[in-house]
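Participant: Sequence:
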Amino acid sequence: LDCEQDKVKDILDQVVTVGRHVKGYHYIIANLGFIDGDLSKIQYGGANVSGFQIVDFDDPMVAKFDQGWEALEEKEYPGADSKIRYTSALTYDAVQVMTEAFQYLHKQRIDFTRRANTGDCLANPAVPWAQGVEIERALKQVHVEGITGNIQFDQHGKRVNYSVSIMELKSNGPVKIGYWNEVDKMVVNKSDIFSNDTTGMENKTVIVTTILEAPYVMTKKNADLFVDNERYEGYCVDLAAEIAKHCGFKYQLKIVQDGKYGARDAETKIWNGMVGELVYGKADIAVAPLTITLVREEVIDFSKPFMSLGISIMIKKPQKSKPGVFSFLDPLAYEIWMCIVFAYIGVSVVLFLVSRFSPYEWHTEEYEDGQIQTNESTNEFGIFNSLWFSLGAFMRQGCDISPRSLSGRIVGGVWWFFTLIIISSYTANLAAFLTVERMVSPIESAEDLAKQTEIAYGTLDSGSTKEFFRRSKIALFDKMWTYMRSAEPSVFVKTTAEGVQRVRKSKGKYAYLLESTMNEYIEQRKPCDTMKVGGNLDSKGYGIATPKGSSLRNAVNLAVLKLNEQGLLDKLKNKWWYDKGECGSGGGDSKEKTSALSLSNVAGVFYILVGGLGLAMLVALIEFCYKSRAEAKRMKMTFGDAMRNKARLSVTGSTGENGRVMTPEFPKAVHAVPYVRPDMGLNVSLTDLS
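First residue of the sequence shown? That's 1 in full-length UniProt numbering, and the numbers climb one at a time after it.
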């Protein structure tokens, strides 16, 4: 404020009226009479008021003059009842300087009373007064001690070698904290500005501001039975006790009145929440989940972080999807199953072809009985046997036939290797797909939130998370901020509890952005219906806050570092986050439940079994009807009679050689098989064996 005291008074009165006289504001009164004005109205508001004082009332000469000044009659000399103002002091010193200058001229016998040619005032260029040069020279020779200190001038007429006191307004009034002169420049000798000495704190009760936020600070269930600090429990309650023990002071927990962390109003520039209580002198320290940010660091001091965290996304936990009827197919993708089917058909066809073209796959069987012999070349790998061999190998069951040729064995070998890898991979993944109940989340990251509009998302209305999005220059976060700012209804909530309830009641249509530590805590609380998705959007920390220049800052900082090195901070987090968790490590489901298979997990296998049995019965019926029809034609009997005979045989048929069922209507006879002996002619005979 570079103006006279009357104007300064009017401005400071207006400052008090609009509430800008509190802690966090700094005013510099630029005139040289800091103590001349009335500063009582702004004295107790907490604002930092400093300025300059050219009249040193501790100087003996000034004190003697002031006694004479105050002894004057007030009616005749207005202002004589108070200390002399700096303007009056400068006027007094100016008269004294002129007196010294004229005395110097008189000693030099310079007559400045003679009439001189005054010249024209409007002359251009101006004509100097002849005696003016002598007077100027005399003024430069003046060297006296005035009320405002040493008075002397350099060759240019500028006052030199004087000192100005640096003043600051304290609760007990203006206090000199240093001085300024041309040689030393600014010298501050106030020892308590940056003092870190906590001596005497044991006799003072430190006001600790905090906020009700689980698990940091919570009211005990039977809080009425306790008083003061014993009414609360939580992470920050334990932390405050440890800090006080290390720093050696008594403290009193005080819940912040407006229930906010601290943000500055864009219009009034006034801080609210815990930050406001520190800025405006209502509290000495803040032990709470208070995020360290640049804008807060400008008005308060933070300790080293006692907890690291980041902004995360909370959504309502989606319903767990149980494995489907055919979930045993899930270990392999649909494309893989289709490739396996085509590979099976392809291998069977290739095996059939190489077996047909390879001469080593053909072999001759000789039948001899009595006079009849015949040789027949056979190949076991027809198309159906090839399919059966490939299926048996894939099912790891084997087959009664095996390739004889090298080419056929190569086909079989590569198929066995293929099935070994496929079956092993399938078996390795099968257990996880059958036992784990997977949750399909609609949101996995901030990118997913930003590119959709169906799910709303918001933050706490007053806090560092909202400030992060408001100030972010990253395109993704700027896009999210644009949405949140214009969303209707508002996506911002007043408290974290309100945000959590909104997530739980929105049926998956609202996501809440908050600190990861709080997100992890709520995820462990009943009804266990929220979850954290994606990684953290940023990296920051919680710190213990103190007012600017507080003597507690260094002591608190060292205490936090010591607690961290001792591992106590980690123990406190485990105590309040996980040891007291209500949902368990699996989100509320025990390991026994997740490891046990139910019928729904393997129902598809039973369906395939029943379907296979039914298909076998159907094929058997078709074969029965087909054979009955063929038998009816051969025996020249009706189809019904043939079916009855076949049915009777199926129920009461007799067992013959090698377990064969013999038909009662036909004799136990085998028709002679024609054969051809190479050294004989063609002889064909029929012999009935009974």
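Just so you know, not all the hints are guaranteed correct.
[To be verified] In silico BS3-like links for lysine-lysine, alpha-carbon gap of 30 Å or less:
#1 Lys269 <-> Lys7
#2 Lys75 <-> Lys107
#3 Lys254 <-> Lys41
#4 Lys250 <-> Lys260
#5 Lys41 <-> Lys473
#6 Lys254 <-> Lys509
#7 Lys220 <-> Lys185
#8 Lys646 <-> Lys176
#9 Lys170 <-> Lys158
#10 Lys479 <-> Lys526
#11 Lys627 <-> Lys573
#12 Lys575 <-> Lys532
#13 Lys260 <-> Lys479
#14 Lys185 <-> Lys170
#15 Lys507 <-> Lys479
#16 Lys573 <-> Lys250
#17 Lys254 <-> Lys176
#18 Lys509 <-> Lys494
#19 Lys7 <-> Lys221
#20 Lys140 <-> Lys220
#21 Lys473 <-> Lys526
#22 Lys7 <-> Lys304
#23 Lys282 <-> Lys158
[Said to hold, decoys possible] Per label pair, the in silico range of CB-to-CB distance:
#24 Ala333 <-> Gly259: 33 to 43 Å
#25 Ile410 <-> Gly640: 30 to 40 Å
#26 Val227 <-> Gly534: 21 to 31 Å
#27 Gly157 <-> Ala63: 23 to 33 Å
#28 Lys185 <-> Ala63: 24 to 34 Å
#29 Ser490 <-> Asp258: 41 to 51 Å
#30 Phe606 <-> Lys526: 51 to 61 Å
#31 Gln501 <-> Gln257: 18 to 28 Å
#32 Val349 <-> Gly604: 22 to 32 Å
#33 Gly604 <-> Arg644: 33 to 43 Å
#34 Leu353 <-> Ala616: 51 to 61 Å
Please keep in mind that the hints were generated in silico from the structure rather than gathered at the bench. Where is the CB? At the ideal position from N, CA and C, for every residue including glycine.
Participant: Assess, step by step, whether the Cα of Lys646 is no farther than 30 Å from the Cα of Lys176, and give holds or violated.
Facilitator: 126 Å, violated
Participant: Is Lys479 close enough to Lys526, meaning Cα to Cα at most 30 Å?
Facilitator: 34 Å, violated
Participant: For Lys254 and Lys509, compute the direct alpha-carbon distance and say whether it is at most 30 Å.
Facilitator: Violated, at roughly 37 Å.
Participant: Please verify whether Lys254 and Lys41 have alpha carbons no more than 30 Å apart.
Facilitator: Since the Cα atoms of Lys254 and Lys41 sit roughly 28 Å apart, the hinted pair holds (cutoff 30 Å).
Participant: Between Lys75 and Lys107, does the CA-CA distance stay at or below 30 Å?
Facilitator: Outside the cut-off at roughly 39 Å; violated.
Participant: Can the restraint linking Lys575 and Lys532 be considered satisfied, given a maximum Cα separation of 30 Å?
Facilitator: 20 Å, holds
Participant: Should the hint that Ile410 and Gly640 are 30 to 40 Å apart at their CB atoms be regarded as holding?
Facilitator: 53 Å, violated
Participant: Starting from Lys269, check that the Cα of Lys7 is at most 30 Å away, please.
Facilitator: Distance of about 24 Å is within 30 Å: holds.
Participant: Starting from the hint 21 to 31 Å, judge whether the C-beta atoms of Val227 and Gly534 obey it.
Facilitator: 44 Å, violated
Participant: Given the proposed pairing of Lys7 with Lys304, does the C-alpha separation stay at or below 30 Å?
Facilitator: 44 Å, violated
Participant: Range hint 51 to 61 Å: satisfied by the CB atoms of Leu353 and Ala616?
Facilitator: 29 Å, violated
Participant: So if I understand the rule, the pair passes when the alpha-carbon distance is 30 Å or less; does Lys7 with Lys221 pass?
Facilitator: It is violated: about 57 Å lies between the C-alpha atoms, which goes past 30 Å.
The structure is inconsistent with the numbered hints 2, 5, 6, 7, 8, 9, 10, 11, 17, 19, 20, 21, 22, 23, 24, 25, 26, 29, 30, 34, although it conforms to all the rest.
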